[in-house]
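Chain by chain, the residues:
Protein chains: 2
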Amino acid sequence: MELNDLKNKILKGDRLAVSRAMTWIENEYDGYRDLMDALHPELGRAYRIGVTGPPGAGKSTFTNQLTKIFRKKEQRVGIIAIDPTSPFSGGAILGDRVRMSDLTLDRNVFIRSMATRGSMGGLARQATEVADILDAAGFDIIIYETVGVGQVELDIAEAADTTLVMIVPEGGDIIQGMKAGLMEIGDLFLLNKADRPGADRLKSDIEYVLHLKESKSDWYPGVFLTISNKAQGIVQVAEEIEKHRKFQTDSGILEQKRNHRLKKRVETLVEQKLRQFFWNGQRQQILNRYLDESKNNLSPYKLAEELLGELLDK
Amino acid sequence: MELNDLKNKILKGDRLAVSRAMTWIENEYDGYRDLMDALHPELGRAYRIGVTGPPGAGKSTFTNQLTKIFRKKEQRVGIIAIDPTSPFSGGAILGDRVRMSDLTLDRNVFIRSMATRGSMGGLARQATEVADILDAAGFDIIIYETVGVGQVELDIAEAADTTLVMIVPEGGDIIQGMKAGLMEIGDLFLLNKADRPGADRLKSDIEYVLHLKESKSDWYPGVFLTISNKAQGIVQVAEEIEKHRKFQTDSGILEQKRNHRLKKRVETLVEQKLRQFFWNGQRQQILNRYLDESKNNLSPYKLAEELLGELLDK
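So the sequence lines, in the order shown, correspond to chains A and B. For the first sequence, our numbering begins at 36 and goes up steadily by one. For the second sequence, our numbering begins at 36 and goes up steadily by one.
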């Protein structure tokens, strides 16, 4: 398919074109950068929501319920699943997949699962670009679903306009979640499986920790009790997301966030190109010679330090 | 504690000094690079084993059993847990933690859990350095335990001399594992919970996929059936690890691997320094001006391309 043709079909919301563009991105097909260039002016209408939490917390069931609420308001929803335990990404047992099938039949819902490792690197970047395609195709809401571990997953969560962090009673104490950086990224917290023992205690623990944290804005993340598989508490969460969206839009924070994200992407791309430019044949030879000569004497830090001086002369 | 004092205590295997050094690394305390420099000539005796697999596969129970086998041979074992679902890292339910306590009482076993996010970046690098401390402290075997998702976790697995990939019947088809890059990194495969339905079918599936893969050496990864919680099949795995170690040592592959790892570390450090050097105040100003002027017209790719030309003039 020709680039311009593909672009126009995406803008009309053609599902086949959307799928194809995503494959271009995932396989880093030659034309994908031109496509991203061409679609760029069309971006920015979709609202992006991140849902993250430990394996088995019930993120997919929640995403399913939340999607239904958006659908009732005639919003078109894209779901990007980057969670090996998610039924959306094919990682769960058969029962879950069947449960999800009511969404997959809806033409106004688009589900894409992404492998946890882009063989050519940059999963967080690819996920953002897959979301861009959905944005250009007129989806109103995009939901990233990730397991809350690993830098890549946190990067994706940070690419969202509103980030929901899901916690469950059997997760035990919240120190792990704090360590993993989840307390920093949550705009709201869901305590799922709230009918299990320990939920109330955990809720007050989370609220205490959030209270300790200095807020960077006038937004104070709340903790919401949900029971996803009984569809309880989801409407309240949807309302809170709407509230957060309005808060961010009115205060200008949403625009700041998005500008900051663009800046980060450009910086990363500049550095990628810089790296390619720097490691020419001559510099690689010096590196190899250096390692051969001194590898048993100097630590990597010392090696890097001395080497950089030598390399910058070239 | 003074640097030289700390170094000498680590070399004697002092547990408190080992803990302290690890904290230095994790917090990027000022002196840690000097410490790594000082310890560098002492490294390379420990053998590093990676254990990776999906959440709930039974990695910790397996690690526990494997450790006991090494302990019978009077080998000292260090365990680095970077898995939010591992009882070693405090992420599992109480029952598991109790089950592990027999190891924590052994003075010749050192367990360190690491958060899934170093707030100052570089978790894979930090895990390698934590392993370096254990190496310098005279531990014979170091086991990295990670969940097999995310680039960081794969990087850590690749920092091992022998990598074990654990798969379980309820994980369903192996396509997910292939996508996640696990088939590439495994030196041997464990099919754990081998008493569950589907184990034989899965074993032959894995063997088929491994057979398709072109081997980079004369080592052919085998698939081993284990039932960790009944301590079945672990001895065979320990023997295979020993075989793989001998194969790599005799063929020179181990040295090549370690040289390659050193090279990668030095490259990464050089690039870090290069980045700091590149983004001086003037270049940052240009970046900001550029983004302000053109953010709505150009895609990140175009922005980066044009910007780099302008930046390299400065």
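Errors might be hidden in some of the hints.
[To be verified] What follows is a list of derived Cβ distance ranges for each label pair:
1) A:Glu274 - B:Arg106: 47 to 57 Å
2) B:Lys107 - A:Arg280: 33 to 43 Å
3) B:Lys107 - A:Lys292: 29 to 39 Å
4) A:Lys299 - B:Asp65: 25 to 35 Å
5) B:Glu345 - A:Ser286: 49 to 59 Å
6) B:Lys107 - A:Tyr243: 43 to 53 Å
7) A:Trp314 - B:Asn62: 29 to 39 Å
Quick caveat, the hints were computed from the structure, so don't treat them as lab data. Everything numeric in this text was worked out from a predicted model, so none of it was measured. Glycine residues also receive a C-beta, built at the ideal position from the N, C-alpha and C atoms.
For each hint, the structure was consulted:
1. A:Glu274 - B:Arg106: 47 to 57 Å: 56 Å, holds
2. B:Lys107 - A:Arg280: 33 to 43 Å: Violated: the Cβ-Cβ distance is about 60 Å, outside 33 to 43 Å.
3. B:Lys107 - A:Lys292: 29 to 39 Å: 56 Å, violated
4. A:Lys299 - B:Asp65: 25 to 35 Å: Holds - the Cβ-Cβ distance for Lys299 (chain A) and Asp65 (chain B), about 28 Å, lies within 25 to 35 Å.
5. B:Glu345 - A:Ser286: 49 to 59 Å: 33 Å, violated
6. B:Lys107 - A:Tyr243: 43 to 53 Å: At 46 Å between Cβs, range holds.
7. A:Trp314 - B:Asn62: 29 to 39 Å: This hint holds: roughly 31 Å between Cβ atoms.
Checked against the numbered hints above, the structure breaks hints 2, 3 and 5 and satisfies the rest.
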